[in-house]
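Based on the provided sequences and hints, a complete structural model is requested.
Respectively, the protein sequence lines represent chains A and B.
Read left to right, the first sequence gives residues 1 to 191 (our numbering).
Read left to right, the second sequence gives residues 192 to 732 (our numbering).
These are calculated hints, taken from the structure and not from any lab test.
No residue lacks a Cβ here, since even glycine has one placed at the ideal position from N, Cα and C.
Among the clues, some could well be false.
If you want the ones that stay clear, here's a sample from chain B, every Cβ over 10 Å from chain A, calculated [unchecked claim]: (1) L254; (2) V335; (3) Y406; (4) A414; (5) K531; (6) P537; (7) K560; (8) R637; (9) R663; (10) A708.
Facing chain B, according to a computed beta carbon distance under 7 Å, are these residues of chain A, among others [stated by the list, open to error]: (11) G64; (12) G92; (13) C96.
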Amino acid sequence: MTTRREVLGIGSVVFACMWVGANGVEWPTAGRTIRTIFDNRFVEARTFAVAMQARGALAQGFRGDVTRFWQEVLRAEWARGSVPLAGMTSPGTLFCLERWAWDAGMRVVFRVDHQRMRDGSVNHHAASAVDLPAVQSVIREMGDDYPRYMANLLIADKYPQACCASASGVGAPPHRLDPLVTWVIAPLFRT
Amino acid sequence: MVMPPGLSATQWKAAQQEFRSAIGEDGLLLSDEDTVLYRDAYSAWWGEAEEKLVAAALVPRTLEQVQALVRVAAKHKIPLFPISTGKNLGYGGSAPNLSGSLVVDLKRMNRVIEVDDKRHFAIVEPGVSYFDLYAHIRANALNVWIDCPDPGWGSVVGNALDHGVGHTQGVYRDHFLSHAGMEVVLPNGEVMRTGMGAMPGAETFADFRYGYGPYVDGLFGQAGFGIVTKMGFHLMPPPEVALTRRVTALRTNDIVPLVEIFNELEHLNLIGMPIYESPMFEHQFTDPTLIKLAQAADWHDGKALDAYAVSNNISRWSVTFALYGPMETVEATWRWAKAKFTAAIPGARFDEVETLRFPLDDSQVEAIKHKVIVGVPNMNIFQLGARSAFNPHPFDGHLLFSPIIPKTGQAVLKAQRVFGDGMREMGVVTPYSYGPFTVPATWIPRAFAFTNGFPVSRSDPKVNKRSRETMRKLIDLGAQNGWGEYRATPLFQEQVMGTYSFNNNILRRFCEKLKDAVDPDGIMAPGRGGFWPTRFREGRS
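The following block contains the structure:
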């Protein structure tokens, strides 16, 4: 019987190469394991990570400051090659990773912001470059269960990827309900 | 597509080919997906016609390539804008002063050339970040500290050239002050070395900064006189211990003796950076009464706020700082300091925040409360909204207004009132506006930067318009009181230079003369520092 440990060890999350955006963003090649990171201060991010791990992704948590993950893991990996990365983090963390990714020839290719409102509901806002029907239908459905929906979407057969460089957040006024963002960073394919 | 100013399409095409020959095919970035990365992520003109955009990016790897590309630019009179790692967020980022400039991105020149832990210096190229230098020092088990800003991803060279600052001892946290020696490519493509670098065979490039004759290094900071390709920096030896301690004071006017004593401690080199805070700032968000008191017309006489402080047992002022050195010495200094505070400030309280004995292992480093005080670079400032007194509105970024005021309590109280009243007149009154809880930043060892931040948005131009207007009025208001900015984003550099107006703006006129002599074709970062070469000067104030 194949154990969960064996699945996690030998399995790989494959981003099926079903769609390439008009500005030529490369999908990860089949068979490469996707690393996922999450800010473990947030229950939503932990739920997302568990959902990703259940589907064979390698998930690594950090607490607020992404410095150590950058210094001990990502810096060397991205110096060796353009390794895609997915995550659910604060927008500030994505801002940092995005800029480091530029130096490795990668871009944010998918982004959805999740803003919890004071009444407890959650607003979801896809970056305009990927705000397409496939994503919109998921957003309409997911509500509070968005961590699992986002994990499903990232491992689904089809979802759009396009260059979301310098995409804005939802631009909400200052408040104490800080947002989260689901994202993918991947190599830039040049036509 | 953005074009270099004054060039025809044919000329631009020819220049592109010459740039490729100079720095290789992969050194010239023309596509939109590459040039878009050089937009200023914190631009207050984001998406509007006035936003400054680059025509292309040049990414050299060697000094020789920098020289070659400068010669091509000079031949075609194409403006260049050098950046190191392009992380100068809040003060312009990687965008030029002049649209159509070519960014010279020095990130591939990222060698740590030398670190000496007996004479305590480093020599680095511009692409070396604080993280890189820190990693190099740790990997080689070298006995030195760095001094870094918050966040730590910026360039050691780039930060110093913009008069950037850090968090440890005074002589190290003024990053331009701590440098010694430069290598610069001039607008004609020649290489100049300054200080002891001008002496062939000298081993003291990063030791003795002055060499002989006029000290020209200042021309390459916050200005466009050359591309710096190497710099030396003095580094701090690691102390035996760092004691982080805190002093709090109850009353508004306690700020006067508080600052006097901290000045004495710092100017005797007994302590590092004193970090001023107002405990009542955060308390506003749990008690609306306090907001009303802070925004009342008579807040500045301090009576109501002092009464609130006493009845709620919240201090008006808090200063956290580090003492570095041998345990015996710093403990004695702390005792001495406490006695001075106690004598001068009735009711002063003291906290022992943290005691660190070096060296530390990785888990101990991870646990440090405020890592930059001990030279550990990090990105903590970006977590969550990174909301702080200096970045009160974490939209998509911020503009920083940083006027320099004297290091006195009286100046703090006056600046609170002047800027607070100024913002009230503009109709900008929020808990984050200037007011009784605004505290000085102490990055600069011999002056206060009375910094405040204003939001920028990549989706709402109205936010940006308001921030621009607020900044412009505050710059003028500050200048009326003799409080000039120490650093500015390109958007405001001309206005700021205009406020340094002694003797009919002789400073700017002098810089223009030098510019015309050294860079007659005006190719080197035109507009940087708020003054322009001849060909772009007409029509500007």
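- Check the non-interface label on R663(B): least C-beta distance to chain A beyond 10 Å or not. 23 Å, holds
- Message: Quick check on the hint: G64(A) CB to chain B CB, less than 7 Å?
- Response: Holds - the Cβ of G64(A) comes within 7 Å of chain B, reaching about 4 Å at its closest.
- Least C-beta distance from V335(B) to chain A larger than 10 Å: Holds, since 18 Å exceeds 10 Å.
- Does the claim that K560(B) lies outside the interface with chain A hold up, using a Cβ gap greater than 10 Å? Answer for K560(B): holds, closest chain A Cβ roughly 12 Å.
- Task: Please settle this one: P537(B) was flagged as non-interface, so is its CB more than 10 Å from every CB on chain A?
- Result: 36 Å, holds
- Determine whether the non-interface label on Y406(B) survives the test: each CB of chain A must be over 10 Å from its CB. 34 Å, holds
- Query: Close enough to count: is the Cβ of C96(A) nearer than 7 Å to one in chain B?
  - Reply: This hint holds: C96(A) lies near chain B, its Cβ roughly 5 Å from the closest one there, short of 7 Å.
- Query: For R637(B), which was marked as not at the interface, is the minimum beta-carbon distance to chain A over 10 Å?
  - Reply: 31 Å, holds
- Interface hint outcome for G92(A) [beta carbon to chain B under 7 Å]: With a minimum Cβ separation of about 4 Å from chain B (threshold 7 Å), the hint on G92(A) holds.
- Run the C-beta distances from K531(B) to all of chain A and say if the shortest one exceeds 10 Å. 36 Å, holds
- Closest CB of chain A to the CB of A708(B) still more than 10 Å away: Non-interface label stands for A708(B): nearest chain A Cβ at 37 Å, farther than 10 Å.
- Message: Verify this label for me: L254(B) is non-interface relative to chain A, using a Cβ-Cβ cutoff of 10 Å.
- Response: 21 Å, holds
The earlier numbered hints are all upheld by this structure, with none contradicted.
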